[in-house]
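Colleague: One letter stands for each residue in the lines below.
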Amino acid sequence: MNAAQPRRGWSWWYLLFIVQYVAVLWPPFYNKVEPRFIGMPFFYWYQLAWVVIAAVFTAVVYRATTR
Amino acid sequence: MGVNWTALTIFVLLFAFITWLGFAAARWRRGDLDQLHEWGLGGRRFGTLITWFLVGGDLYTAYTFVAVPALAFGAGAVAFFAVPYTIIVYPLLFLVFPRLWHVCHKHGYITAGDFVRGRFGNRWLALAVAVTGIVATMPYIALQLVGLQVILGALGLSGTGWAADVPLIVAFVILAAFTYSSGLRAPASIAIVKDILIYITALVVVIAVPIQFGGYGHIFAAVPVKKLLLAAPGPHTTGAYGAYATLALGSALALLLYPHSMTGILSASSGKAVRRNAALLPGYSLMLGLLALVGFFALAAGVKELPEFAAGFKAFGNNYAVPALFLHSFPSWFVGIAFAAVGIGALVPAAIMSIAAANLYTRNIHREFISRNPTDRQEAQLAKWVSLIVKLGALVFILRVPTQYAIDLQLLGGIWIIQTLPAVMLGAYTRWFNDWALLIGWAVGTFAGTWMAFVSGLKPTYPVEIAGWTLPGYSALYTVILNLVVVIVLTAVINALGARRPAADATVAADYQA
Numbered sequence: 000m001n002a003a004q005p006r007r008g009w010s011w012w013y014l015l016f017i018v019q020y021v022a023v024l025w026p027p028f029y030n031k032v033e034p035r036f037i038g039m040p041f042f043y044w045y046q047l048a049w050v051v052i053a054a055v056f057t058a059v060v061y062r063a064t065t066r
Numbered sequence: 000m001g002v003n004w005t006a007l008t009i010f011v012l013l014f015a016f017i018t019w020l021g022f023a024a025a026r027w028r029r030g031d032l033d034q035l036h037e038w039g040l041g042g043r044r045f046g047t048l049i050t051w052f053l054v055g056g057d058l059y060t061a062y063t064f065v066a067v068p069a070l071a072f073g074a075g076a077v078a079f080f081a082v083p084y085t086i087i088v089y090p091l092l093f094l095v096f097p098r099l100w101h102v103c104h105k106h107g108y109i110t111a112g113d114f115v116r117g118r119f120g121n122r123w124l125a126l127a128v129a130v131t132g133i134v135a136t137m138p139y140i141a142l143q144l145v146g147l148q149v150i151l152g153a154l155g156l157s158g159t160g161w162a163a164d165v166p167l168i169v170a171f172v173i174l175a176a177f178t179y180s181s182g183l184r185a186p187a188s189i190a191i192v193k194d195i196l197i198y199i200t201a202l203v204v205v206i207a208v209p210i211q212f213g214g215y216g217h218i219f220a221a222v223p224v225k226k227l228l229l230a231a232p233g234p235h236t237t238g239a240y241g242a243y244a245t246l247a248l249g250s251a252l253a254l255l256l257y258p259h260s261m262t263g264i265l266s267a268s269s270g271k272a273v274r275r276n277a278a279l280l281p282g283y284s285l286m287l288g289l290l291a292l293v294g295f296f297a298l299a300a301g302v303k304e305l306p307e308f309a310a311g312f313k314a315f316g317n318n319y320a321v322p323a324l325f326l327h328s329f330p331s332w333f334v335g336i337a338f339a340a341v342g343i344g345a346l347v348p349a350a351i352m353s354i355a356a357a358n359l360y361t362r363n364i365h366r367e368f369i370s371r372n373p374t375d376r377q378e379a380q381l382a383k384w385v386s387l388i389v390k391l392g393a394l395v396f397i398l399r400v401p402t403q404y405a406i407d408l409q410l411l412g413g414i415w416i417i418q419t420l421p422a423v424m425l426g427a428y429t430r431w432f433n434d435w436a437l438l439i440g441w442a443v444g445t446f447a448g449t450w451m452a453f454v455s456g457l458k459p460t461y462p463v464e465i466a467g468w469t470l471p472g473y474s475a476l477y478t479v480i481l482n483l484v485v486v487i488v489l490t491a492v493i494n495a496l497g498a499r500r501p502a503a504d505a506t507v508a509a510d511y512q513a
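Keeping their order, the protein sequence lines are chains A and B. Using numbering that gives the first Met the number 0, count along the first sequence one by one with no gaps and you end on 66. Using numbering that gives the first Met the number 0, count along the second sequence one by one with no gaps and you end on 513.
Calculated from the structure, these hints are not laboratory results. On a predicted model such as this, the values are computed, not experimentally measured, just so you know. For glycine and all other residues, C-beta sits at the position ideal for the given N, C-alpha and C. Hints may be right or wrong, so weigh each one.
Taking lysine to any residue and the SDA-like style, the derived pairs with C-alpha atoms no more than 20 Å apart in a straight line are [to be verified]: (1) B:Lys226 with A:Arg35; (2) A:Lys31 with B:Ala231; (3) A:Lys31 with B:Ala221; (4) B:Lys225 with A:Phe42; (5) B:Lys225 with A:Phe41; (6) B:Lys225 with A:Val18; (7) B:Lys225 with A:Pro34; (8) A:Lys31 with B:Val224; (9) A:Lys31 with B:Lys226; (10) A:Lys31 with B:Lys225; (11) A:Lys31 with B:Gly316; (12) A:Lys31 with B:Ala74; (13) B:Lys225 with A:Asn30; (14) B:Lys225 with A:Gly38; (15) B:Lys226 with A:Trp9; (16) B:Lys225 with A:Arg35.
Cβ pair distances, simulated, as ranges [as the list claims (entries may be wrong)]: (17) A:Val32 with B:Arg29: 35 to 45 Å; (18) A:Arg35 with B:Val130: 47 to 57 Å; (19) A:Ala58 with B:Gln512: 20 to 30 Å.
Rough simulated footprint, nothing fancy, chain B against chain A, three-plus residues with beta-carbon under 8 Å [said to hold, decoys possible]: (20) 15-23; (21) 26-35; (22) 39-50.
Please model the complete structure; the sequences and the hints are all you need to start from.
Modeller: This is the structure we're talking about:
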C-alpha cells in the first residue's frame, strides 16, 4: 500500500453526490427541447453534460477525501 | 446479404490477434494459475489503468452497444435512461466498493457469497447470493452471444441449418479456450484492444455521421416528435418520468451486484484504484450516451426502409439498426474495425461473467456443500471446468431457444440480483441485520419481483397504486425496497424476542479500511 489513504467516516464532500443524483433523477428539470446546443435538444446535451460534471465531482471528492 | 469480404477480412485478422493475446495473457504478470485467486481474479494485481479497461469492458458490454441505440431507434428518448443510470452508479462504486475490496483482500474472499458467508456466518444466505448471481449471469452471457450473432449476420455470414451457426460456435470455442487457459488475465488484456477499437469507432461515428447529415439539428429533425422527449405524465400519475428515474436508479443499484462487476472490481490492486476508477469510468458513460444517439442517426438515415437491409431487420429486429447504419455510412474497411470492436466486445464480458459464475459455484456451492476441503489445485481446476459448462449452457440456449427468452430472462436477472443488495452492499456497512431476516427478505423480494414482471407482461416497469396515484416504476427498485422493509422489521422482531444469538462475524471494522 502507498501513502494515499482515505480518511475514515463521513465527509461533507459526499453532498456533491446528492447534487448529481437530484440533477439527473428529476426528469422535469430536463425533459424539454429548448435551449438546443449544436442542434441537440436540451434533454440530450443536459444529461451528457452531467456525465462530465459528475466525473469532475467524483474527482473532487477523491482529492478531498484522500490524504 | 452477400458476404462483405473486406470487412470480414479485417474482422478475422483482429479476431486472430486477440485470440493470440488471450493465450499469451497466461504469462502476463505471471502467477500460479492453479490457485483460484490467480485464475479467477488475476492475482488482484491490476492497477488503476488496467482496472479501467477491464471494468469498462466488463460493464459496458457489446450487447449494450447494440441494444441501447436499438432502443433509441425503436422507442426514442426513454433509451437515454442509460445515461443517468451510468451517472448514478459511480458514487456507489466510490463509497461502497473500496470497503468491500479491503475486506475481501484481507480475508481472501473471491465472491460476494464469500463475503456474506464471513460477515453473517450463514451458509444458506451465501448460497442464496451465489445461486442468484449464477442464475442472473447466465442469460447475460447469452445476450453477449446475441450481440455477436447480429454482427456476424451483418458481415454477411448467413447460411442455412447447421452452417448458419458455425461462425458463432467458432467464436465461442476461442472464448472458452483462452478463458480456460488464462483466466481473468485474458479478458483484461483483450479489453485494452477492444476498448481502443470501441473508442475509435464511437468517436468517428459521432463526428462523421452528423457531418454527412449537415449537423445534429438535421438528425434530430428526422426524429418523430413523440420519440424526441419523454411523454409528460397525466394527472395522478408519475408516468414516463417515474419510469425513467426508477429504471436509472434501480439499474444502477443492480449493476454492481452482478458477479462480473464484483470480479472486475476485486481484481484491482488496491481500494485506491477502485476509487480512482469511479472518476475515470464515466469516460465510458459518455461514449455510451453518444452511441445511444447513433440510434437516431439510423432513424435519420432511414436504414429500415432501404431494401438491402430488409433481410437483416427481419432476422434481428431493431438490433440491426446500428450495424445497418455502419454498412450504409462507412467504407468496408472501417465497417470491419467497428464490427470487430463490437464482436470482441462480446467476448470480454462473456469471459468475465463465466469466470465470475465459476468462482461462485466453486466457492459457495461446491466447497460449502459438496467437498469441504479441496486443495488449491482442485479448486482452480473445478472453476475452469465450470466456466466451460456455463458458457456451453449459454451457447446451447442461444442456438436452441428464441432470443426473446434470453432478453426476458436478463430482465428478470436484474430483478433477482438487486435482492442481494441488503446483504452485500449494506452488509459492507453494518452487521445489524439478522442473517435469517436477510434470507427471508431476499425470498420475498425475489418472489414479488418475479410476480410483478409476469403480471406486467415481462416489462421492466410495474404500476404501483398508492392513494389514487399510479406510479409506474422499475419492479427491481420497488421489490428491493420491500425486501429491505422485511429485513428491518424481522431483524427488529428477532432482536426484541432475543430468540436467537447472531452467528459470529468473521470480519472486524478495521478490515473495511485501508
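Colleague: Now, for every hint given, state plainly whether the structure supports it.
Modeller: Going down the list of hints, with the structure as the test:
1. B:Lys226 with A:Arg35: holds (16 Å)
2. A:Lys31 with B:Ala231: At roughly 10 Å apart (the allowed maximum being 20 Å), Ala231 of chain B and Lys31 of chain A satisfy the hint.
3. A:Lys31 with B:Ala221: holds (17 Å)
4. B:Lys225 with A:Phe42: Given that 20 Å is the threshold and the Cα spacing comes to 13 Å, the pair holds.
5. B:Lys225 with A:Phe41: holds (15 Å)
6. B:Lys225 with A:Val18: violated (30 Å)
7. B:Lys225 with A:Pro34: holds (18 Å)
8. A:Lys31 with B:Val224: Roughly 11 Å between the alpha carbons, so the hint for Lys31 of chain A and Val224 of chain B holds.
9. A:Lys31 with B:Lys226: holds (12 Å)
10. A:Lys31 with B:Lys225: holds (12 Å)
11. A:Lys31 with B:Gly316: violated (29 Å)
12. A:Lys31 with B:Ala74: holds (17 Å)
13. B:Lys225 with A:Asn30: At roughly 12 Å apart (the allowed maximum being 20 Å), Asn30 of chain A and Lys225 of chain B satisfy the hint.
14. B:Lys225 with A:Gly38: holds (18 Å)
15. B:Lys226 with A:Trp9: This hinted pair is violated, its Cα atoms lying about 42 Å apart.
16. B:Lys225 with A:Arg35: Measuring from Cα to Cα gives roughly 17 Å; hence the hint holds.
17. A:Val32 with B:Arg29: 35 to 45 Å: violated (56 Å)
18. A:Arg35 with B:Val130: 47 to 57 Å: holds (49 Å)
19. A:Ala58 with B:Gln512: 20 to 30 Å: holds (21 Å)
20. 15-23: Coverage by chain B holds here, the residue count being 4 at a Cβ distance below 8 Å.
21. 26-35: holds (count 6)
22. 39-50: holds (count 8)
When the structure is compared with the earlier hints, violations turn up for hints 6, 11, 15, 17 and for no others.
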